[in-house]
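Participant: Numbers 0 to 289, taken from numbering that gives the first Met the number 0, label the letters of the sequence shown in order.
Think of the hints as simulated: they come from the structure by calculation, not from any bench. Please note that a few of the clues may not be correct.
Stated by the list, open to error - Distance windows between CB atoms, simulated:
| # | residue 1 | residue 2 | range |
| --- | --- | --- | --- |
| 1 | 43 | 18 | 20 to 30 angstroms |
| 2 | 222 | 32 | 20 to 30 angstroms |
| 3 | 123 | 239 | 12 to 22 angstroms |
| 4 | 250 | 222 | 36 to 46 angstroms |
| 5 | 123 | 17 | 24 to 34 angstroms |
Glycine included, each C-beta is placed from N, C-alpha and C at the ideal position.
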Amino acid sequence: MTLFIDLRVQPVGGGLAATPAVYQGTSLSDYAPLRLNDLLDAIRGRNVLIAAHGFNVDRADGIGCLANWASLLQLPPNSAFIGLLWPGDSVWAHGLDYPDEPKIADEAGAKLAEFMDACFQNAASISFASHSLGARVVLQTISRMSRSVRSLTLMAPAIDDNCLKTEFQTLADKAKIGAISILASKKDSVLSKAFPLGNFFAGIIAAGHPWWRAALGHCGPVVPWPANFQAPFLLPDDWKFEHSNYLQIDSPEPAPWPLPVNVPPPSTPPPTDKGWQEAFSSAFASTRFY
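Modelling step: build the complete structure from the supplied sequences, incorporating the hints.
Facilitator: In C-alpha cells, the structure reads:
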C-alpha cells in the first residue's frame with residue numbers, strides 16, 4: 000500500500016480541501032483513510048520522499064500513477080514514500096485555461112507547507128519529486144516550509160525555465176535544498192507547444208506574468224546554473240520522451256531499472272522493454288535520493 004497526502008475535495012475537479020487528509024491504497028477501489036498518528040508513525044526517524052503528479056490528473060489517475068511509480072522506486076533502508084494528490088484537474092478545457100492552474104498549484108503548496116511544518120518534524124529528512132505542474136506545488140511548498148529539504152527531483156517541470164533565478168531564487172541555495180535534479184526532454188510536445196501558448200495567455204490574464212518563457216522541463220534551467228543543481232538533465236532525443244511517459248502505467252509492470260542511473264549521453268539508443276520510461280524515471284529519482 001502507498002501512503003498519500005490528499006488535498007482534494009472531490010474525486011474529479013473541485014477545489015482544495017480545507018485540511019490535508021491521509022490515505023493509503025494502490026487504486027481508487029482500495030483507497031482508505033488513515034489516522035494522522037499512522038502517518039506520524041510511518042515517517043518517524045525516516046528519510047521521506049514526497050512525490051506530486053501534474054495537471055489534468057483526477058484522484059483515481061493520481062493514485063494509480065503514483066502507486067505504480069512507487070512500486071518501481073529503489074529507496075535505501077529507513078525511507079518512506081508518500082504520494083501527493085492535489086486538484087490539478089480543477090480547471091481544465093484542453094489547455095485553454097491552463098493559465099489558471101498555477102494559482103491552484105500555489106494554493107496547494109501553501110496548504111502542504113503548513114501541514115509539513117506541523118506534522119513532519121520527526122522525519123529524519125524530507126525530499127520531494129514532481130511531474131509537470133506538480134513542480135510548482137512542491138517549489139511553493141519548499142519556499143514556505145520552515146525546514147530545509149534534502150533533495151528535489153523535477154520531472155518534465157511545467158514551469159518557467161528561469162524560475163530558480165526569479166520566483167524561486169531563494170531555493171537555489173544548498174542551505175534550503177541540498178540538491179536539485181531535473182529530467183527534461185526536447186521531444187516533449189506538451190512543453191514545447193502548449194506551455195508557451197499557456198504562458199502567452201497568462202501574460203494577458205494575470206498582470207506581471209511573463210509573456211513567453213520556455214518550460215524548465217523542455218530545455219532545462221537558464222545558465223548559470225544554481226550551485227545546488229545537479230547536471231546532466233536532458234534526455235536523448237532518440238528516446239522520444241513525451242510528457243506522459245514519466246509516470247505512465249504499463250502492463251505487465253516493468254522491472255526496476257538497475258541503480259545507479261544518470262542521464263545518458265545524447266547518442267544513447269532507446270531501450271525496448273515494456274514500460275522502460277517509468278522504470279527509468281523512478282530509478283533516476285531513487286539515485287538522486289541517495
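Participant: Go through the numbered hints given earlier and state which of them the structure violates, listing their numbers in rising order.
Facilitator: As far as the earlier hints go, 2, 3 are violated by this structure, in ascending order.
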